[in-house]
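S.K.: Protein chains in written order, with my numbering: chain A, -3 to 486; chain B, 6 to 186.
Since the hints were made in silico from the structure, they are not lab data.
It cannot be assumed that every hint is accurate.
Take a look, some chain A residues computed to stay more than 12 Å from chain B by CB distance [as the list claims (entries may be wrong)]:
1. Gly100
2. Leu116
3. Arg148
4. Ala209
5. Val227
6. Pro229
Listed next, the in silico SDA-like pairs over lysine to any residue satisfying Cα-Cα at most 25 Å (straight line) [said to hold, decoys possible]:
7. B:Lys111 to A:Ala445
8. B:Lys111 to A:Arg435
9. B:Lys111 to A:Arg450
The beta carbon of each residue, even a glycine, is placed where N, CA and C say it ideally should be.
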Amino acid sequence: MTRNDFPAGLVLDAHKRQAADGVIVELGAPTHVVLALDQGSGTLLESVVAVGDLVAVGTVIARPADVYGAVLHAPVSGRVTAVETCDAASATGACRCIEIENDGRDAVEPAGWRGDAFALEPPDLVGRLGEAGIAGLGGAAFPTATKLQAARERAARQLLLNGAECEPWICCDDALMRADASDVVLGARLLMRALEATSCVVVIEDDKPAAVAALRQAIEVARARDVVVEVVPAVYPQGAERQLVTAVTGLEVPSGGLPADVGVTCQNVATAAAAARWARSGEPCVSRVVTITGSGVARPMNVRARLGTPLSTLIDAAGGYRGEPLRLIAGGNMTGRALASDDVGLAKAINCVLVATRADLQPRLDAFEQPCIRCGDCATVCPPRLLPQQIHRAVRAGADEAAVQLGVWDCIDCGCCDYVCPSQIPLALRFREARARLRERAAATARAAAARERFESHERRLQEAAVAEQQAFDVAREQARGSIEPGRSP
Amino acid sequence: MISDAVLVACAVAGALALVVGAALGWAASRLPPAADRLVERIDALLPQTQCGQCRYPGCRPYAEAIARGEADIDRCPPGGAVTVRALAELLGCEPRPVDPSLGAAKAPAVAWIDEERCIGCARCLPACPVDAIVGAPRYMHTVIADQCTGCELCLPPCPVDCIELRPVQASTVHGRWHRAA
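Pulled out of the complex, with its shape left as it was, chain A reads as follows:
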């Protein structure tokens, strides 16, 4: 294997010391949970419960309509109190959510699967991981079963476990690797079995020596010789999937392709640990480790909390707000999303809750956007090697098609261009909006094409009906004429 760092990127202040003592505080079940039907993968699940239904821990409450969502289970036992639109950490800021009132009994769903996960045939194992709601806990919440299936179809035999955690502030994976290293190794072996993989590399940035040591020891204890740890330099966005593949294998994932196209599959270490948890106890994905940090919170820490726990409860657990918190962000400071309220429930995709103060947000906070001076700094830091200044020009002119030509779909939304832009242009945001417009337009075109087809078949049917009616009329008239012809009495 050749080591070959990905191009560009940035070395950023990590801000991880605040919470990264390697301790995970177990948080009890909250009195009520709010579960967004978009857990962060951008696809809306379909609720399979109604208001008033009784659920137990592990009861399936929502199912995906397509392969881009993961099954969602009740994280507490109790009664469903509402299914309504609420603020959420989804791409749109709000979506339908299921609210459950906790009855405090923590009853476990009796219909849940129990068995030996390692005894399952690999294809069955992939299906079971899907039923267990395992999704990418690194921040995308992409369903693990779908990813594994795509990798199996492309015969990708190498598993990369992503423990890079390159974004500032976030340190939940670091804490998890230190506290639950054995689970990460067990999960690695489970995912390798699902993939029928031949090797597994756990990739960790060099600013997490404790995690590296803990994992190496866990590998030793488990005698998992096919799992190796590889240390990479701490450069943002090292943990972005494509960049990670390039850094470890030296191969470039083709535009529009998948890592599986170059024989690799990436999974987050937390995803592997969630799979291990399910294999050990039969517990589906109903909790996750999340970093509560920022200068605006009293005691930054990593906690394991049930999904749907209101972020306000998490912040209270971390000692509450401190100073003058200005912005609540789900995720880190580079790719995170500012939230409208702290009533939002913890979702599979939320790896960090950043309570940012003015100091955390400087210098961008007070800056105002100025015209692009074409310095080209954005192009020198762009990890997928795009020309952000050119895309910006196209998007500004409303030429979204030109932006597509310039690779707006290859943008990984890392925000490096934003960070270095001397004119303070929110480039990544502009590109995200352009992609939303393109998706909307594509959907409208598809709807129009379907309507055209239905209109044409409607017209054809009416025409055929009219012709048939005319023929029937003609036949009847002929018969009627025949019956009154002279000389032929009825």
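Fit chain B to the known structure of chain A by using the hints.
M.R.: Then chain B, alone, in the frame of chain A:
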């Protein structure tokens, strides 16, 4: 006296004319006429609501009228400024606001049948240009929301006024930011 070179040149030119003529003739008979292709391209830019607000019985007839030069490009309220701009770009003319006499642009909506009041008369079924209403005489009717274009053509035939247009829920799947109500 005519030289051989002139004869050869005439023969070559004549043969070329025959070959090119044959090719053009074949193309004219096999390929759709330019007007039809223009109609296709115009039709592709129209929103396909089939609402008839342009006073033509559907998007395709309107596209045909534009291609013949009989209709202006400002007659599609559902398409709005976006459609006018796209048509202007295709046809090389100046964009202009949609003719306000044809009705105002409305927020996307789909028809909804109040099943308590529906008497199952089936009159709305043939009125729907995209067959988005399911039903039969003396049976309940319902609208397939995903296929309804919000054209409102089912409203006039309904004898009990049990159909209403309801705004489409803002889509959350395309990543456009919005706040909860």
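S.K.: Indicate, hint by hint, whether the structure satisfies it.
M.R.: Evaluation of the provided hints:
no.	hint	verdict
1	Gly100	holds, 28 Å
2	Leu116	holds, 33 Å
3	Arg148	holds, 27 Å
4	Ala209	holds, 40 Å
5	Val227	holds, 35 Å
6	Pro229	holds, 32 Å
7	B:Lys111 to A:Ala445	holds, 21 Å
8	B:Lys111 to A:Arg435	holds, 21 Å
9	B:Lys111 to A:Arg450	holds, 23 Å
Figure legend: structure checked against the earlier numbered hints; every hint is met.
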